[in-house]
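All chains should be built: construct the whole structure from the sequences, respecting the hints.
So the number in the working numbering is just where the residue sits in the sequence shown, counting from 1, plus 1275.
Hints should not be assumed to be uniformly reliable.
[Unchecked claim] Keeping only pairs whose Cα atoms sit at most 20 Å apart, straight-line, the calculated EDC-like set for lysine to aspartate or glutamate is:
| no. | residue 1 | residue 2 |
| --- | --- | --- |
| 1 | Lys1328 | Asp1358 |
| 2 | Lys1328 | Glu1352 |
| 3 | Lys1584 | Glu1555 |
[As the list claims (entries may be wrong)] Listed next, with one range per pair, are the computed distances between beta-carbon atoms:
| no. | residue 1 | residue 2 | range |
| --- | --- | --- | --- |
| 4 | Gln1360 | Glu1486 | 18 to 28 Å |
| 5 | Glu1486 | Thr1725 | 21 to 31 Å |
| 6 | Asp1701 | Thr1637 | 54 to 64 Å |
| 7 | Asp1358 | Gly1534 | 35 to 45 Å |
| 8 | Gln1715 | Ser1635 | 20 to 30 Å |
| 9 | Ser1610 | Glu1538 | 29 to 39 Å |
| 10 | His1362 | Leu1475 | 24 to 34 Å |
| 11 | Thr1651 | Gln1360 | 22 to 32 Å |
| 12 | Glu1613 | Gln1715 | 31 to 41 Å |
| 13 | Arg1612 | Gln1318 | 17 to 27 Å |
| 14 | Pro1650 | Thr1749 | 19 to 29 Å |
| 15 | Arg1743 | Asp1587 | 49 to 59 Å |
| 16 | Ser1653 | Glu1613 | 14 to 24 Å |
| 17 | Arg1612 | Asn1746 | 22 to 32 Å |
Simulated from the structure, these hints should not be mistaken for lab results. For each residue, glycine too, the CB sits at the ideal point set by N, CA and C.
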Amino acid sequence: MPTDNRRESQTVTIELDPAFGAGLTQGYGERMQWVNEIGVSEQPIFTAEIPLKPIDWLPSEPAETRGPRPSSPVSLELTVCGDVQIHGVSVDPYTRTALTVGGEIGTSVDALSRSILIIDEAADAVWNTLRSSVSDEMEASAPYGNLSSLLHNEPVLNTTQAAEVLTTNIERHEREHVRCLIDPETALWHELELFWRSVLLGANSRTWYDEEFLTRFVTLFTTPSRFTVEALAMATEEYTMADPALQQLLEASVAAQRGAEEELMRCFDRHGIDSETLSELLRTPVGETFCDLWVAYIVDTLRSGVPPKTIDPAGFRERVSGGAAPEMIALPAESRREFLDFVYDRCFGPVFEVVRLRSSETGYVLERTWHSMNPTVSNDDSLLAVRRALFRRQFLSRFSTNGGLAEQLAARTEAVERVIQGASLDEVSLFDQPGPDTTQLSGHLTDAETAACQALLGPQATTEELRRWLNDPTYALNDSRRHH
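Quick look at the structure:
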């Protein structure tokens, strides 16, 4: 396989996990029951192993992201320091380059990027390496620094118990994100439809000029789901321990990292909404379609004195006007099954990626493993599904930024957060947003396709060559056409 000489200067920046540095994530990535339990094949499509060495750490800038987790206060910067190894299905040079390109990786699970980041056994090694040179500043900014130092002063049994409880809840939390966003059998309808429409948008340029299709896609894309998936994940956690003081310490330390998400759960708790009732509220057709818009309505309604059991979707529908939110779709189970079979057949996926930072003899390894959720797909079709996923990441990133969709999504997410923090729906512009200008957006789609094509296949590649690459598993341009 040809070597990509650009690797030597590449850097990877990773936003550190909220449990990073506490010494409490050991073994999390090794077991990964939450992946095994959702029907993923034990044999991945392929795994890329990228050797890295840390070069710096940076305080992360606060930013709105589509992922369910808030930003971490510390990021780790690493650089590629050796040859990349890829095991499993053979990949062409362009897929290989896309898998090894540098950039930023956040701790999140997202329906469109379809990527999960795990920092497991490498945590303590990286932490100790960096702490030796910037100990005071790192201790002050580490998300779980105080918890770590407190636990070290506790008896070994208590430290072990806390570690086990936290690890179990990390697994529960991430497994629920997979169920909400990635597993098509259980994904929120909003995420399932958004995924399918994003596939069509990338695969068929005729959809760019279909006003109804494009409007629906934009409306779904700009409907946030951050608080919905986070609340459902947090509802699965259980911190009960034999030592009440240690339990209180652990709960307080975890809660301190969650910001508005924790405020949301406290609001539900104050109004007597237990985990089962919360899941029922959010897993209804209106909740699965409108996501955070529905969450904001629930919070506003509870504050007005309405009992949880009398919250009516009809009242919510009265607040939704024009193109501010998607139409509610409630499909019977058999229709959903037919739709999923159709997605499996036409998309070859869905596929998703697990990114792990782990220790090695010479430094660290970033392990990027791709899994398929499709129970019947072949190796060739799995490769195509990964290529299409890589293309959609480039394509939708460019389109959402240039078309203003990312900005609109961030604004609506901020509006929902303001409601959670005490504002009323009358004080925020959550539903009163104009519909998209589909004529202008079509132009951004053309630009996004060209940019994604050149990013993946090189500056001289054509969209015709892109189509062949996305549809023929054996197709690869001459190596001289690659990036220079």
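What hints, given by number in increasing order, does this structure fail? Result: hints 4, 8 break, sorted rising.
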